[in-house]
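Chemist: Work out the full structure: start from the sequences and follow the hints.
Take a look at the letters that make up each chain.
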Amino acid sequence: MKTILRQRVLVNLLMVLGIGAWMILGVVANGVRAQTTAEAPPAGAPPAAGAAAAAPAPPAKIDTGDTAWVLTSSALVLAMTAPGLALFYGGMVREKNALGTIMHSFIILCLISIQWVLWGYSLAFGPDKGHIVGGLEWVGLAGVAMDQPNVDYAATIPHQAYMIFQAMFAVITVALISGAYAERMKFSSFLVFSLLWATFVYDPLAHWVWGKGGWIGTNGGLGALDFAGGTVVHISSGVSGLACALVLGRRLGYGKEHMAPHNLPMTVLGASMLWFGWFGFNAGSAVAAGALATSAFVVTNTATAAAALAWMVAEWLYRGKPTVLGAASGAVAGLVAITPASGFVGPLSSIVIGAGAGVFCYLAVIVKSRLGYDDSLDAFGVHGIGGTWGALATGLFASKAINSGGADGLFFGNPGQLWLQFIAVLAAWALAFVGTFVILKIVDWTMGLRVANEDEQLGLDLSQHEERAYSKG
Amino acid sequence: MKKIEAVIKPFKLEEVKDALTEIGVFGMTVTEVRGFGRQKGHKEAYRGTEYTVEFLPKTKIEVVVPDNLTEKVIATLLRTAKTGSIGDGKIFVTTLSDVIRIRTGETGDRAL
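Chains A and B, in that order, give the protein sequences.
So that you can map any letter, position 240 of the first sequence is 239 in numbering that gives the first Met the number 0, and since no number is skipped, the others follow by simple counting.
So that you can map any letter, position 87 of the second sequence is 86 in numbering that gives the first Met the number 0, and since no number is skipped, the others follow by simple counting.
It is possible that part of the hints are untrue.
What the hints assert, rightly or not - Derived CB-CB ranges, DEER-like:
1) A/Ile113 with B/Thr48: 32 to 42 angstroms
2) A/Ala429 with B/Gln38: 46 to 56 angstroms
3) A/Val297 with B/Glu14: 24 to 34 angstroms
4) A/Leu263 with B/Pro9: 32 to 42 angstroms
To be verified - Derived lysine-lysine pairs resembling DSS-like cross-links, with alpha carbons at most 25 angstroms apart:
5) A/Lys95 with B/Lys42
6) B/Lys42 with B/Lys59
7) B/Lys39 with B/Lys71
8) B/Lys2 with B/Lys42
9) A/Lys255 with B/Lys39
10) B/Lys39 with A/Lys320
11) A/Lys471 with B/Lys2
12) B/Lys42 with A/Lys255
13) B/Lys71 with B/Lys42
14) B/Lys16 with B/Lys71
15) A/Lys320 with B/Lys42
Keep in mind the hints are simulated off the structure, nothing from the lab.
The beta carbon of each residue, even a glycine, is placed where N, CA and C say it ideally should be.
Modeler: This is the structure we're talking about:
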């Protein structure tokens, strides 16, 4: 009886989604018609109604250097997800789950790329609705011009360049969570969860912080600073990872069986790839190729190096040996922590932020093993803790001398900024945890979250994909 | 005929093989094995988690030789596989009732 009821609920859900898809198609069709007319303005005409109304400012003009940098950055951020994160996570799991784990990152790249174009970008960055979410006006990229800037977000690059840059952020955020449920989630449920999470957690949160009119950020909100995604990307994915670990429960044999990483060279390669791609993430977030991008690039590299050293030394002192996985994890923790601060802090501050990240995140993964929840690859320990530290540290170290469009932090005479950062952290934690919890419960109730015990023992590669990562000859 | 099985440290394999070939052992079977004896395992730590690895990797050599060669093989194994530290391994000797070469059907010492 129960299963029939659940299936009926699922069928109803799918019908609703189907109707939604038809509506979207209708809007897309409209949008295509609108675009063909809207995107061909007479030469020399003011580019957009918003810009014209804004003031006597000169008409927005596309800068080829800025556009080249943002498009390059978009490709760099793509490389963070695949191959970066795919290898980083893929090396840390057991051999029998290597392909399944790599597939998580790879297929999220595909899934969210489509979601973003169809409705994700519109929900996150579209015309504001009550400071909570973007409207559906830009569904299917209707009105998102390829030859005109949107001055609310980036005045010197085509709107679609900004859109595709942001698409890569949405992709990696969803992929980061997979570290928490690695080695035990059913593939079909994973797809549904990822799609729902991107739509109901990521898109609104991105709107709160970065969307024009969102209630938290600097684009018409409270004024909390988040340069490249400390709250939007890292707190959201890390805290959601914690919710996943709690709802899914531990892997079979956790604490008893040997669950050591099967290929650490792969993990180090992935961490290095993340570091490389992160220059697009942080320096690209200047959405211009100039001084601010340069400063963000420098502090990103500096903080990352400091964090890797700090984790290594902390582990050396605490356990007696400096580990390779520790250094690689420290680098990622540093990248996470500098993300929200990267456009607002100087190089010396970035060393403190990075070193703090290395130590705090190392402590977090030690505490995890005592608390007994199974966040398989430490999505929460690295991204949740590192992101929280980075968001708060932005309120400490931000300086208008670095970015006049930002704000001063506590150490530069503005204690109020730390409070704003705290509110942003709290809001991101709340939305991520509650949103993820509810989505997981719905998916669990309708289709089940975990693979069957025998499938988990066999491994995701064979049970979910009928493939092996390594052929035995 | 005797079957001599020796569990040795993996890095000693080349040296042992060369020495055995020299004294007239014409074939052997080698397997990568895991196990433990008096030598304790070691610890590994990945982030916050520590594992004790009890089964250590070893190499098992199997040779079958005529009775008159047995002592010489054992002496060679003792000389070449030994490092003097714990974990050098063990030698097991069993009496074999027969050996048959599949290609020709020869039996006994002629099949070795």
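Chemist: The structure should be examined with respect to each hint, and the outcome stated for every one.
Modeler: Status of the hints after comparison with the structure:
1. Take A/Ile113 and B/Thr48: their Cβ atoms lie about 37 angstroms apart, and the range 32 to 42 angstroms holds.
2. Taking 46 to 56 angstroms as the suggested C-beta distance range, the pair A/Ala429 and B/Gln38 conforms, at roughly 53 angstroms.
3. For A/Val297 paired with B/Glu14, a C-beta distance near 54 angstroms fails the hint of 24 to 34 angstroms.
4. In this structure the hint that A/Leu263 and B/Pro9 lie 32 to 42 angstroms apart at CB is violated, the actual value being about 20 angstroms.
5. Annotation: proposed proximity of A/Lys95 to B/Lys42 holds, straight-line Cα distance about 23 angstroms (limit 25 angstroms).
6. Our distance criterion of 25 angstroms between C-alpha atoms is met by B/Lys42 and B/Lys59, whose separation comes to about 24 angstroms.
7. For a cut-off of 25 angstroms, the pair hint linking B/Lys39 to B/Lys71 is broken: about 31 angstroms separates their Cα positions.
8. Restraint check for B/Lys2 and B/Lys42: not satisfied, since their Cα atoms lie roughly 35 angstroms apart, outside the 25 angstroms limit.
9. Proposed proximity of A/Lys255 and B/Lys39 is supported: the alpha carbons are some 19 angstroms apart, at most 25 angstroms.
10. Between the alpha carbons of B/Lys39 and A/Lys320 the distance comes to roughly 19 angstroms, so the proposed pair stays at or under 25 angstroms and holds.
11. Distance restraint check for A/Lys471 and B/Lys2: the Cα-Cα separation of roughly 30 angstroms exceeds the 25 angstroms cut-off, and the hinted pair is therefore not satisfied.
12. Restraint check for B/Lys42 and A/Lys255: satisfied, since their Cα atoms lie roughly 14 angstroms apart, inside the 25 angstroms limit.
13. Distance check on the hinted pair: B/Lys71 and B/Lys42 sit about 38 angstroms apart at the alpha-carbon level, beyond 25 angstroms; violated.
14. A hinted pair counts as satisfied when its Cα atoms are at most 25 angstroms apart, and B/Lys16 with B/Lys71 qualifies at roughly 14 angstroms.
15. Taking the CA atoms of A/Lys320 and B/Lys42, the gap is near 11 angstroms; set against the 25 angstroms cutoff, the hint holds.
Checked against the numbered hints given earlier, this structure breaks hints 3, 4, 7, 8, 11 and 13; the rest are met.
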